[in-house]
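Here are the chains, one letter per residue:
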Amino acid sequence: MGKLKLTNLSKTYTNNVKALDSISIEISSGMFGLLGPNGAGKSTLMRTIATLQQPDSGSIEFNGLDPLSNPKEFRKSLGYLPQEFGVYPRISAQQLLDHLAVLKGVSSKKERKELVDYLLHKVNLYDKRNKSVKGFSGGMKQRVGIAQALIGNPKLLIVDEPTAGLDPGERNRFYDLISSIGEEVIVILSTHIVDDVRELCTDMAIMNHGKIVYNGTPQEGIASLKGRVFEKQINRNELEEYHANFQVISNRLIGGKPVIHVEGEKPDSSFKAIEPSLEDVFFSKLQNQS
Amino acid sequence: MVYLFFFIVFLIVFAATSSDNVSIGGAVGNVNRNSPHVITTFTSVMTIFGLLFAAAFFNNAALRDRKYEFQEILFTTPIDKFGYFFGRFFAAIFLSSIPLLAVFAGVSLGSFIAPIVGWVEPDRFGAFSMQSFIANYFLFIIPNMAIAGSIIFFLAQQFRSTIVSFVGALLIIVAYSVSGQFLSDLDNETLGALTDTFGIRTYSVVSKYYTPLEKNTLIPSFSGLLIWNRLIWLGVATILTIVAYLNFSFSDKKITRFTKESANESSDKKSFNRPEVTHIQDSTINQFRSFFLINFKSIYKHVTFRILFLFSIILLLSDLISGYEYFGLQSYPLTYKLTDSIQGTTIFLIIILVFFSGELIWRDRDFRINEVVDSTPHSTLIPLFAKTLSLFSLTVLIHLFFVVLAISYQLINGFYQIELGTYFWHFIYNAFPLYLAACSLLVAIQVIFNHKYIGYLISVIIILGLDIIFLIMDIQSNMLFFTGKPFLLYSDMNGFGPSLTGVFWFNVYWISLSLFVLILSGLFWARGSVSSLIDRLRINRQKVTKSYFALVLLSGVIWFGIAANVYYNTQILNPYMSVDESEQMALDYEKTYVSYKGMNHFKLIKADYGIDIFPSDKRAEVRADMLLINPNDEPLDTLLLNVTREWKGELNIPNLKLVKEDTKHRVQFHVFDPPFMPGDTLKAVFKNTFESNGFSNNGESTSIIDNGSFFNNFAVLPDIGYSEGKEISSKNKRKKFGLPPKDRMPELKEDCGDDCLSNYLTQGYSDYIDVETVISTSNDQIAIAPGSLIEEWTEDGRNYYKYKVDYPSQNFYSFMSADYQVATRDWNGVSIEIYYDEKHSVNIERMLNAVERSLDYYTKNFGPYTHKQCRIIEFPRFSTFAQAFPGSMPYSEAFGFVINLEDEEKNNVIDAVIAHEMAHQWWAHQLVGANMQGGTMLSESFSEYSSLMTMKSIADNPMDMREFLRYDHDRYLSGRSGELEKELPLYKVENQSYIHYGKGSVILYALQDYIGEDKVNLAMREFLEEHKYKTPYPTSLDFLSYLEPKVPDSLNYLIDDWFKEITLYDNRLIEAIASPLENGKYEITFEIEARKVKADSLGAETVAQLNEWVDVGVFADEDEKILMHQKRILLTSEKTTYRMEVDSLPVKAAIDPRHILIDRIYSDNIRKVKLK
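For the record, the sequence lines run as chains A and B. Following our numbering, the numbering of the first sequence begins with 1 at its first residue and continues without gaps. Following our numbering, the numbering of the second sequence begins with 1 at its first residue and continues without gaps.
Fair warning: there could be bad hints in the mix.
Stated by the list, open to error - Below, computed lysine-lysine pairings styled on DSSO-like, alpha-carbon distance capped at 30 Å:
1) Lys297/B to Lys76/A
2) Lys131/A to Lys301/B
3) Lys1046/B to Lys1081/B
4) Lys749/B to Lys603/B
5) Lys606/B to Lys543/B
6) Lys301/B to Lys134/A
7) Lys155/A to Lys749/B
8) Lys113/A to Lys301/B
As the list claims (entries may be wrong) - Computed spacing ranges between beta-carbons, pair by pair:
9) Arg90/A to Tyr245/B: 28 to 36 Å
10) Leu573/B to Asn16/A: 41 to 49 Å
11) Pro168/A to Lys301/B: 53 to 61 Å
12) Asp127/A to Asp340/B: 52 to 60 Å
13) Asp56/A to Leu573/B: 53 to 61 Å
14) Lys301/B to Ala164/A: 26 to 34 Å
Simulated from the structure, these hints should not be mistaken for laboratory data. Remember, predicted model here, so these are calculated numbers, not experimental data. All C-beta atoms in this analysis are idealised placements derived from N, C-alpha and C, irrespective of residue type, glycine included.
Generate the whole structure from the sequences, applying the supplied hints.
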């Protein structure tokens, strides 16, 4: 059972943005979802765990290892798919994966070939292994990205916003792949898409303004809001008034008219009680923080 | 950006205007610093820099809307294509022309401020010339920006790529340098002028014969070659722009993706078991290799790399195809010539290295794969070294490719003496260290500065900028110039030469320094997302391993040790002076010792030399037993002796005591006690040793070397008296330091008396003397000294030779030693000997013939040859000249021995040089001019004339000589254009080579054509008979007194016009019309325009009364080889119509068809004949 423990991680950028604000969290094997709006500090956290960035303070421990002081050893257990995964021009998928496999320490040429072939099959790119990756579509590139992250039996897999720009079919195939990875591995999936987390993750955290505002399972989150979320369709010009009087956690348009979700006791009969979704949990946690 | 460019241009031009240390397009010289000529040179040269502005602005104009992804918004607005396209285009022309206006600002402000602050004398500036600014703006700035801009705009528009458009700018520069190759031969001059993209060389061809006066006044005009060049290139620009316009479209072309996602991709759902990876371990070697290969591929597949590589090949090929020319002849493709050509492509390799150092370091980040790569468990130093090595390997492969090209070229030309060793060692000494050091240093710069473009800027500053900065700061140590080292020149005779040791040490110095910096830069490697220098250092320092630390320390210590050795050798053991220091030294010397100028001194009347040369030790020991006389009317008591650093002399004269020594200026004062009485003689011994220790900053002396030692008696003998040669000679520098103007030569005097007791060769320190030499060298070499070989023996494993001069001669000798082959031929009891290197046997027969031909002509026309031998002795190509000493002529291996003469039937420049040097055996060694104006006419002009006459003696077509004369005409006319002080008439020539070689030979040749060969030769013969081996020495006036009686009255004006004044002809043929006559013949009507002008010393011309005999003639062929008929006619007015009857219809007609008169524009003397 793998375990990643972050303690009091903080990072402030030179422009005074507090990207990480005393983050403490424990993650164990399985899929871990990290939700947060854009600019919440998710990527900073991912990069920090991936030893690509130094925190100003705090510590990390992974299976008894300190990645900050011994990054080399830690990197042997790491698979990382960054938010923006680019590729070299004029180089084929096979060559790219082979190169990265060498860097990850797969030193036997034969084993490397088998592994790369296996991964290419697995991500369904074997037929295109000799094509330049540069010409691949976003989904294909992302699959190359996951293939490289899986090289060398990682114990910790970090995937940062992997489905941005993918169509629904590509997205599903991508998640199929991720979820098929062994249960012994910690997978940290950073995303701002609530459904992704709901569908895949056993554990999750919500992050905003550099802080963890929620940490638990999706189910617990939903359960904590049970019976406390109500919905009402209102007129557009009433929106401000409702915001002032109720704790509106979200609003969206349905048929051109705003539908608001309110958290708390049922205000009046014009509101309809609903089953809370993970999205409500997400908005609720963000609201409560600010 | 405009302001920044403007400021840079302004600074450069301002500096060039107000300081002698900075020059643009050559030294300013004698003309005003703000003259139209200087402004035009500055402007046209600066437009090369303008290319950079053009590239920036035009690229921006073409691509900015796309770059900022604004095009979709902009192109949907209702703007019309024409307005958009040309609006951008002309705005870019205007913008890029602005920084070049700084040339005008720089010149104006420079000429205003410099005289006030006192940097430059006010009289170095002329009147402000607004017209030349305007002319330059429309002749150079606007056209050049439009031409370069249209090419760049076109490329940017077509390829939508910034890099391709910058490569386009580079392409223009290459085209410019290729067109420059045409100028190496007079025949291709017009072609070179027309193909020059910038018009720079066009202007220099146009202004080639400008006199200083014309340079100060003539504003470049919209005419002639210049306007043609501009029209041609503007035409090209217009076509490109029209094509770009037609191809331009607002709608985006679809960029096709070559891989389309196939629909059935997910069908293949084979299930695999994950293969077992048995061991995960970071294998440094594997990682290194993988990094290396992937980076190596990325460079050679890169478009920019391919373009640059292609251009370097084109550059090399154009160098090869134009061949190794020398006055219209080709040199054999010797391996060292080819390595020189390969060396010429270095600049491209450096550009490749600069560009790809940034590209490689930024590649991962540019393609956003850095986070993946960085998070893998490899050691940071691995990619650093792998990337450096991949860059370096490419340079090695390119070099290898060039070598293969070079060898193929040799083979194609049927030249089979391919020296693989020379290719190899050239690579090891010149290419390998440069590329290794450059790769390491440039990569390190990119790593440390962690900003691609700042890295590029720093790289360019280190490679180019430091040169300029150090020039201004007067720093010359090669330890500071990027990959600085002494110049290494390969010679067939002497291999890489004496500077090799120094080059080796400088090479290891630079390699160790750059590796040290590269290793150190590992501390700054940016892994993950860190940016500031301190952050990187802080983070990386935590991870420093012991072995890395040891590596840094080790490389640092190695570098330091080498640096200490280089420093010791180049600064302490062999110190050198910077320009400022040596100027100061010269100034101090002159101020301190000028009072000793003209001090009485003794004369040498006999010398016996004992010389031991130790080639492998690069050492020579000389002992000179001299017999001295006091030729003055008063006793001699003080003696001033100059010593040099390399020759450590010791003068031993009875009664002579050293009283004072100035070690700084290397001056010794000795006193005679008792004094040296008038008419007395003294025996003196002078011992001198040549020795070199270690190595020096700028390379070693080439006098005593492994094979091909060559030095003359001036290097060996004591240098007595105040030495005018040590003074500052530049006219402007002297003015700046407040020194009085210096006469180049004493003035010509009619009754010169005592002034004629010294000649310009030995300056009064000796006359015609007897010389004996015992010279020894190593047992594999032959040593040569002047005179007949009396005795030859071996002693202690060394070769000894005793030589004795057969006839007392000028004390002007050379001593040589090398492993020679000897070819001999007997000519009427004179032994003709050629000493040559075994590799250079191909032209020896021809050289023997040339010597024989000279001996024939000269003994018949001038008088007997006075020596028993006549030697041509080869010396290494450290210098390219031939020189005449009594009975012997050292001749550089760089020409003569290596020129391909197989297709040269008769006359060629190699024979001409031999004939010239042979003529010196009469003109310089039997008779030499007094040390005053006109002296060199009697040796150099006479020898050059004699040489022309030997060629004429075997020429069977009178037109052949025109080819040879053309070089002399050109030498004179372009020489006078570059005169730094003043032009003088021939009889007062002050050792000005363009006058005594160029003009002197043309005039004497023309004279023999006008009054007859026999008459000119007779005058020379009588003159020689009267003065040979006699003092006082004759002057040019003495010669004219022999010549004048030989000239018929009708041609008497020629003496004044040609010898005593500066006369130029401006003849042209307006028209030549042929009318058929009834008898089947033709009458040719010449419409002639003729002017004769006299010029003053600065080139101001006045028209003179015309009363001239000039040839007119007709050619039967297009090539002007067959002169059908010619006639000398008298021209008395500017316009003349002349009729001539000829048997058949000629093709061309000409005034002065054989080109014997000095005419600045000869091409208008010839016209096609029109049939009426």
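Cross-check of the supplied hints:
1. Lys297/B to Lys76/A: 27 Å, holds
2. Lys131/A to Lys301/B: At roughly 15 Å apart (the allowed maximum being 30 Å), Lys301/B and Lys131/A satisfy the hint.
3. Lys1046/B to Lys1081/B: Judged against 30 Å, a Cα distance of about 39 Å means the pair is violated.
4. Lys749/B to Lys603/B: 24 Å, holds
5. Lys606/B to Lys543/B: 79 Å, violated
6. Lys301/B to Lys134/A: Holds, because 14 Å separates the two Cα atoms, which is no more than 30 Å.
7. Lys155/A to Lys749/B: 103 Å, violated
8. Lys113/A to Lys301/B: Between Lys113/A and Lys301/B the Cα gap is close to 24 Å, so the pair holds against 30 Å.
9. Arg90/A to Tyr245/B: 28 to 36 Å: Since Arg90/A and Tyr245/B have Cβ atoms about 33 Å apart, the given range 28 to 36 Å holds.
10. Leu573/B to Asn16/A: 41 to 49 Å: 59 Å, violated
11. Pro168/A to Lys301/B: 53 to 61 Å: 36 Å, violated
12. Asp127/A to Asp340/B: 52 to 60 Å: 54 Å, holds
13. Asp56/A to Leu573/B: 53 to 61 Å: 55 Å, holds
14. Lys301/B to Ala164/A: 26 to 34 Å: Holds, at about 30 Å.
The earlier numbered hints that this structure contradicts are 3, 5, 7, 10, 11.
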